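K.L.:
Below are the chains, spelled out letter by letter.
4 protein chains.
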Amino acid sequence: MSSPHELRIRVRYSETDQMGVVHHASYLIYLEEGRTELMRSLGVEYEEVERSGFAMGVRKLDVRYRGSARYGDEILCRTRITQLRGASIRYGYEIVRAGTEELLLTGSVETVSLELETMRPAPLPQGIRDAIAAAID
Amino acid sequence: MSSPHELRIRVRYSETDQMGVVHHASYLIYLEEGRTELMRSLGVEYEEVERSGFAMGVRKLDVRYRGSARYGDEILCRTRITQLRGASIRYGYEIVRAGTEELLLTGSVETVSLELETMRPAPLPQGIRDAIAAAID
Amino acid sequence: MSSPHELRIRVRYSETDQMGVVHHASYLIYLEEGRTELMRSLGVEYEEVERSGFAMGVRKLDVRYRGSARYGDEILCRTRITQLRGASIRYGYEIVRAGTEELLLTGSVETVSLELETMRPAPLPQGIRDAIAAAID
Amino acid sequence: MSSPHELRIRVRYSETDQMGVVHHASYLIYLEEGRTELMRSLGVEYEEVERSGFAMGVRKLDVRYRGSARYGDEILCRTRITQLRGASIRYGYEIVRAGTEELLLTGSVETVSLELETMRPAPLPQGIRDAIAAAID
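So the protein sequences, as listed, match chains L, S, V and D.
For the numbering used here, count along the first sequence from 1 and bump the result up by 239.
For the numbering used here, count along the second sequence from 1 and bump the result up by 239.
For the numbering used here, count along the third sequence from 1 and bump the result up by 239.
For the numbering used here, count along the fourth sequence from 1 and bump the result up by 239.
Please keep in mind that the hints were generated in silico from the structure rather than gathered at the bench.
It is possible that part of the hints are untrue.
Since the list gives no way to pick out one identical chain from another, each pair is judged satisfied if it fits inside one copy or across any two copies.
[Unchecked claim] Cut-off 20 Å, straight-line C-alpha distance, at most; resulting in silico cross-link-like pairs (DMTMM-like, lysine to aspartate or glutamate):
(1) K299 - E333
(2) K299 - E354
(3) K299 - E349
(4) K299 - D369
(5) K299 - E287
(6) K299 - E313
Since the model is a prediction, treat every value here as computed from it, not as a measurement.
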């Protein structure tokens, strides 16, 4: 298994809640940034995807919270592409605290490519598919 | 001076931060809902504004925080239109805690109407202007 | 099966993204409000839970997006408690568009009660457990 | 006038709205990160401030939007401390698009230091005040 893409993120104050830890919904933003940056590392800029008439909508989330990030922490979001099938891409995730490697989250997210005009599922252009296929574990 | 539009909002958990109170940026969402609902009460639905090719962008914020809302609180967002000039609308605000009337925020927001295609300032359609003009203090 | 708790929510402008629909992370806020209001309907106010030294952390998300809510839509978040076991509560969800009943999301969320001081799992006080147990399907 | 602290930020997808640009409330998060990182550069970590029993609440916002950031843009948030008086600190801001230097926002934010236990204004500890005083323009 090749190594995952790794994105370092500093937790923002606004991402915490009154429990004193990062709010659970804030992690979805980290996951989104993780796949965006993985794509960018493959030469696929998401802003280009939309300009070419497509969008990647989230279809499925499966997330397990295993620890709590706190304000000021640096975390590492590790993203892999685990499946590419028709219009859908599945990403596998792990978030750890930088330094200690304490596990904070594991999970997967499935996106589906949509034609922006109709919002109906449609396979991505071949060039993008090829770039992604090359990165699948 | 006529009475302002009043919107009752229940503070959401995700709107708090680790200080134990509502994060200062969350109030901007309340102000946005306040002017949206004021407009709706005048027969102007913002989704219609965008469908007719316009947007209302925020150009200027002037906010003074005077107290802290907490999770579970119900607050009242009171919105007035204080000026309509060319493409710009100015809203005056007051947010208080429901029941006690404790003052939490005062301020003003200025929006400018934009042609969606070019994102350049452009006066709103006359029908919308008329509805707004009738509500100015 | 008893009927679920139903919470009516108006989509806010800030909850959309440039795809023109509600951002996928915004739905987690709706789900959180759904379980908060279900609890409130059982006489359990979450602010009381925290004042008594406990928190309910999210441990597991399993969400399937089936449609897209848009700005201005009213949606119904239907929440059931499907399991209470030790310190954990599982909620089952369905979000539909009000009026048309178009299905937008199905899923489940599992929370775990934590002692606020230590952030370790701990069973909820018996009074709260009893209120919840009475509502399980 | 000394040069401001500069923080480079990549716009996140979730920070946009259906107008296709960054939502106006998202900029407040950038401003917050700007002053946090300026403080960090002065040897003051905000997490330490809270651990020593203080918080910095926002008391006043004065923001003028002058352009629109878009998804994928890199922006530069430039932050100065313009005043330190009793418990209050005033920050002056400028946000520009990286590369083109197109001006997107100017403004100021005033924070007040609060004793966390009582949430009442209280001067910051002398060590922190000294670090800040040394950075005032």
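K.L.:
Against which earlier hints does the structure fall short, listed by number upward?
P.N.:
4, 5 and 6
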